[in-house]
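Peer 1: All chains should be modelled from the sequences, with the hints used to inform the complete structure.
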Amino acid sequence: MRVEKPDRIRALSAAGLLALALAAAFPAAPMPSARARGDGELQRLKDRIRSLEEAIAAEQAKRAGAVSPSPPPAVEEEVRESFHTSPWAQAEKPPGSTPKETIDGLLALAVKGDGSGLVAAIQKQLAAGDKGHEVLQDFLHALDKDPSLAKRLVGRYDLAFALLHPAMLQEEGWARMAHSYLSATRKTTRTVLRGYLYSFLPVFLEFHRGRFPDLEEALTAEILQLVQGGDKRLRLLFSAAESLGYFLPIDLVEKRLAQATDFQAHSALLLHLGARDDKDAVRVLKQFVSQNIRRYGGAVSQALVTLAKMSAPGVEQVFRELTWTKDAFTYSKAIRAYFAIPRHEGFAPEARRYLNSRVGFPEKRLFINQLRRVNPGILDELRQLAEQITSDEVREFLLK
Amino acid sequence: MHERCDRFKTIGAIFTAAALLALTAGSCSRKTPPSASPSQEEASPAAKEPAETAELEQLRVRAAALEAQLASLADKNTPPADDASAVLMGHLDNLNGPGMYTAMEKRLLGEEKDHRELLQFFIACDQEHEKILTLTHDSRLVFAMLRLVALYPGETAALCAYMIRNTREQTGSFVRREIYNFLPVFLNYHRGKYPELRRLLKEDIVFQLQKGGDYLYKLMLAMRDLQFRPPVDSMLPILYSEEKRSLHGAVLSHLASRGDEGLQAILKFVEEGGDGLQQSVSQALKHIVDLDAAGRKGLALRFVEHQEPAIRKAATFYYFGHPREPADFERALGYLNSEVTVAQQTLIIGKLKRNSPAIYQQLIKESGKVRAEKAKAILEKAAARAKKEAGNEG
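Those protein sequence lines, which keep their order, are chains A and B. Sequential numbering of the first sequence, starting at 1, is according to my numbering. Sequential numbering of the second sequence, starting at 1001, is according to my numbering.
Heads up, none of these hints are tricks.
The calculated label-pair distances, taken between Cβ atoms and stated as ranges, are:
1) S1246(B) x G105(A): 44 to 52 Å
2) K1106(B) x A127(A): 25 to 33 Å
3) G298(A) x D1093(B): 29 to 37 Å
4) R295(A) x S1257(B): 55 to 63 Å
5) G298(A) x P1195(B): 54 to 62 Å
6) A120(A) x D1260(B): 36 to 44 Å
7) S1246(B) x G297(A): 35 to 43 Å
8) K1211(B) x D231(A): 49 to 57 Å
9) K187(A) x R1354(B): 48 to 56 Å
10) S1246(B) x K131(A): 55 to 63 Å
11) V374(A) x K1353(B): 50 to 58 Å
12) A120(A) x R1168(B): 31 to 39 Å
13) R294(A) x H1190(B): 58 to 66 Å
Just so you know, the hints here were simulated from the structure itself, not pulled from any lab data. A virtual CB, placed ideally from N, CA and C, is assigned to each residue, including glycine.
Peer 2: This is how it looks when you write it as structure tokens:
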């Protein structure tokens, strides 16, 4: 097993050495006299003034030019080799081999809230190779036995900030540790630390896309397994999957949507379908709306707004069907969702058609208020041709 | 866009802090090493010193004016339309974490002009508030910025210093809010490493307090995290401003924790507060009475016997918030018989019942002395209830 020696750490060490060298050089230089200090200050101020004048001139020239920005150049991103974490995740020993006093020492730092001390201890273990990783796994399992301490570690601003450092400074070691922990706790998926990992890991992996393929694969496989198994943390699981660029099989999503009975589950599934934004998602959403329009009012409204935000083919067709119906209830819901996102003035006739329809005044009043917030341009258009509104009551409210 | 943030509820604070961190990356103005100018004429030290001092002073004034001009150019309504801003904004719009990282890294490690570009970008985001919220809340962008903070703490410290200096006058900007969120955590993590930045932040806190304390809550959190106690005088402009009434409670609480110096400021405020600050004076009196109860004996009496009726009444009201001896019966009776509202009468009877039962019982016995109808009715009702209970027990 290898011990991680990231280039970055070497770079930092080099910077540290340079700083030390500079620090060592300065005291060796003769102390300037008061006169020399005065001359130095004079020169420094002159230099400063010159550079400020140049900067101001450049700023003013730039603003006077007011050129339109050129397209952003392509970003040169770091290209890094893949780092495989599976061998360790599979080979990790069962917990319990670390001496109690070592674990107690780490736990004591957590209890004390000594963020930098804890980070230093973790980094030391990360750098110590297999033995250090065993210690860290045991530490994580010990934290699992004390959920309040685990929550405190991440819930406290200063500690959380401190703990981000190992993940940023020793990425490979950290990925290895995370994978081993996920692997060892596969059967007890509800630990506090796992909850945090599900929040952090997808962001970490998304940033380092492709660099930790084993970990990505393990996480997506676990997400699939959990969703299949009926896990209720759908929002967390779907968000994690989306961050990894992974969409679960549509039939599984469809099945969970059909089984969902509470708003939380509906909401997570509908958000996920919106993120997919493909024809399968449109089909599932359309079906959900048509089957549940009088059953789950809030969820259906969310489904319709989700559809309205999508760009996948077939969306417009769905709205055409829903807004050319004799069912005033469906029509009202669909049109409100359709105008819940900004539309250009060309949609004013559609809005006017609704205001002249058989739908009741209270719904139309809500619709006009919604236009005020989301589509003021269309509202202006409707006001300009207010005589085309057939109902006095609606026209009056429109012009108010 | 912010849905992703939900996943970070537990560590949301960290990430927000991180975003703040990233934002706060500013660079200290570089201190070029002094170098004697060979072109300068030599003169005798005695003759040169006054002239040199005057010249130095002129140059300092000029440099300060230019810095202010540059900072103002950076902040004015015109968002920068250069490549740097377009690049950064492009990554923001695309929620491109790695792209943002690379673009910011280049500028973080650069020179003052690069730091200026970053600051301009933050200010441009601030002007379109939705953008600054995205930058500081979207997990992909926050991660990128946190990574920079972790990898380049020295450069981050320098950028923070640059930003503090160049946003001093923009007291209400989100950038400043983020500075107060992030920097104390950063400095505490790197304890002892950036004393100049710590000093600069403390000076800035004092400056902001004197300017009226925008983001006072954040300032106070920063003070707590830095274990910094600014001079009491720096808080007085807020306390004496009628427009800042909503902040008075926080300032008074702080002063009450500042020992003698804070207490003197509160005492002075009560005497000089005036009608416009009556509500805040009342809050100040509560702190005084609480301090009295906590061991600073004799403080409260001065105000419960004050010649100004409004001060006397408010002080007496809080005075009975603590246990009192039967000797204070007349004072309680006097309060009930003074021109106080029915609500205040009811509240003080409740306080006496809880904290000073002897006085309460005596009031029940001598309820005839109470002139206020509502208070009298309450006491008589209590007396009747007590009598009934005594009868039942008998």
